[in-house]
Amino acid sequence: MQFATWNVNSLAVRLPQVLDWLATNPVDVLALQETKLTDDKFPHDAFTQAGYQAQWFGQKTYNGVALLTKAPATEVVKNIPGFDDELARVITATVQGVRVIGAYFPNGQAPGTDKFEYKMEWLKSLRAWVKEEMAAHPQLLLMGDYNITFDDDDVWDPQGMQDQIHCTEEERYHLRALVALGLHDSLRLFPQPPKSYSWWDYRDMAFRRNRGLRIDHILVSEALRARATACTIDKAPRKNERPSDHTPVVLTVA
DNA sequence: ATGCCTCAGCTCCTGAGA
1 MQFATWNVNS LAVRLPQVLD WLATNPVDVL ALQETKLTDD KFPHDAFTQA
51 GYQAQWFGQK TYNGVALLTK APATEVVKNI PGFDDELARV ITATVQGVRV
101 IGAYFPNGQA PGTDKFEYKM EWLKSLRAWV KEEMAAHPQL LLMGDYNITF
151 DDDDVWDPQG MQDQIHCTEE ERYHLRALVA LGLHDSLRLF PQPPKSYSWW
201 DYRDMAFRRN RGLRIDHILV SEALRARATA CTIDKAPRKN ERPSDHTPVV
251 LTVA
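Each residue of the first sequence is one higher than the last, beginning at 1 in my numbering.
Please note that the accuracy of each hint is not assured.
The calculated DSS-like cross-link candidates involving lysine-lysine, where the alpha carbons are at most 25 Å apart (straight line), are [unchecked claim]:
| no. | residue 1 | residue 2 |
| --- | --- | --- |
| 1 | Lys235 | Lys195 |
| 2 | Lys195 | Lys239 |
| 3 | Lys78 | Lys60 |
| 4 | Lys60 | Lys41 |
| 5 | Lys131 | Lys195 |
| 6 | Lys70 | Lys235 |
| 7 | Lys124 | Lys78 |
| 8 | Lys41 | Lys78 |
| 9 | Lys60 | Lys131 |
| 10 | Lys41 | Lys70 |
| 11 | Lys78 | Lys115 |
Derived from the structure by calculation, the hints contain no laboratory data. Quick caveat: nothing in here was measured; it's all calculated off a predicted structure.
With the sequences and hints as input, model every part of the structure.
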């Protein structure tokens, strides 16, 4: 069984690329972020024709998340229960016995801003809720665009980005606190090429120069870690014409 | 350079992303 996450930066623009990718990477679950579509505009027919059922939760202009699944998705929850949020960032469902949380974590803009404070509050609420979900669902996976790096290995220029957004100690504290619930960073369960990133700026030929960040993650519960056999970053879609600035992360479990 | 690209939209500039 395979799970993947991909921030597509507008599903309206990227739909053909997502369909192409699914045709060659027929994963069981694909979590999308930054669909940037209101729910009435979600292209569910295109996914149905491709053999995927969809659950979606969007809004105008920004944010928006979805889960594409081969098998039916049940117990669907949108956003974080108990956390009042105007922004569409989280979608959760049970698929083939696995609790799947797809999330678009807040960017946070810069330390000291209102958006950074919102990111901290959001992270706190997410953690409380993930803890509850883990108690109810031993087989659990939290994947998406975290907008946080774990450490210097996730950053092309650790010195230049020290204490900058995605790399602050406060953000990393919250990321480690999620792990401390009993989750595992899938990618690092397996050997990876050095300088493995999931996002590259559109500017300055950043992808060609591999000036990137690893900010898209798949965290898995202990029960799912025991089943994991591979985790990879697929850089191929970043080479497309009009690519998303993010590229998919893929987890394989037995 | 509070910029460099890219995307959405009250669209020919601005806000936001990361």
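Going through the hints against the structure:
At roughly 12 Å between alpha-carbon atoms, lysine 235 and lysine 195 fall within 25 Å of each other, so this suggested pair holds. The hinted pair formed by lysine 195 and lysine 239 meets the criterion: a straight-line CA distance of about 17 Å does not exceed 25 Å. Pair hint lysine 78 plus lysine 60 holds up; C-alpha atoms about 16 Å apart against a cutoff of 25 Å. Our distance criterion of 25 Å between C-alpha atoms is met by lysine 60 and lysine 41, whose separation comes to about 10 Å.
Between lysine 131 and lysine 195 the CA atoms are separated by roughly 31 Å; this puts the pair beyond 25 Å, and the hint is violated. In summary, the hint linking lysine 70 to lysine 235 is supported, as the alpha carbons are separated by about 23 Å, within the 25 Å threshold. This hinted pair checks out: lysine 124 and lysine 78 have alpha carbons roughly 17 Å apart, not beyond 25 Å. At roughly 17 Å between alpha-carbon atoms, lysine 41 and lysine 78 fall within 25 Å of each other, so this suggested pair holds.
Note on lysine 60 and lysine 131: the hinted pairing is violated, with a Cα-Cα distance of about 30 Å set against a maximum of 25 Å. Between lysine 41 and lysine 70 the CA atoms are separated by roughly 21 Å; this keeps the pair inside 25 Å, and the hint holds. Taking the CA atoms of lysine 78 and lysine 115, the gap is about 21 Å. The hint holds against a cut of 25 Å.
Hint compliance for this structure: hints 5 and 9 are not met, and every other hint is.
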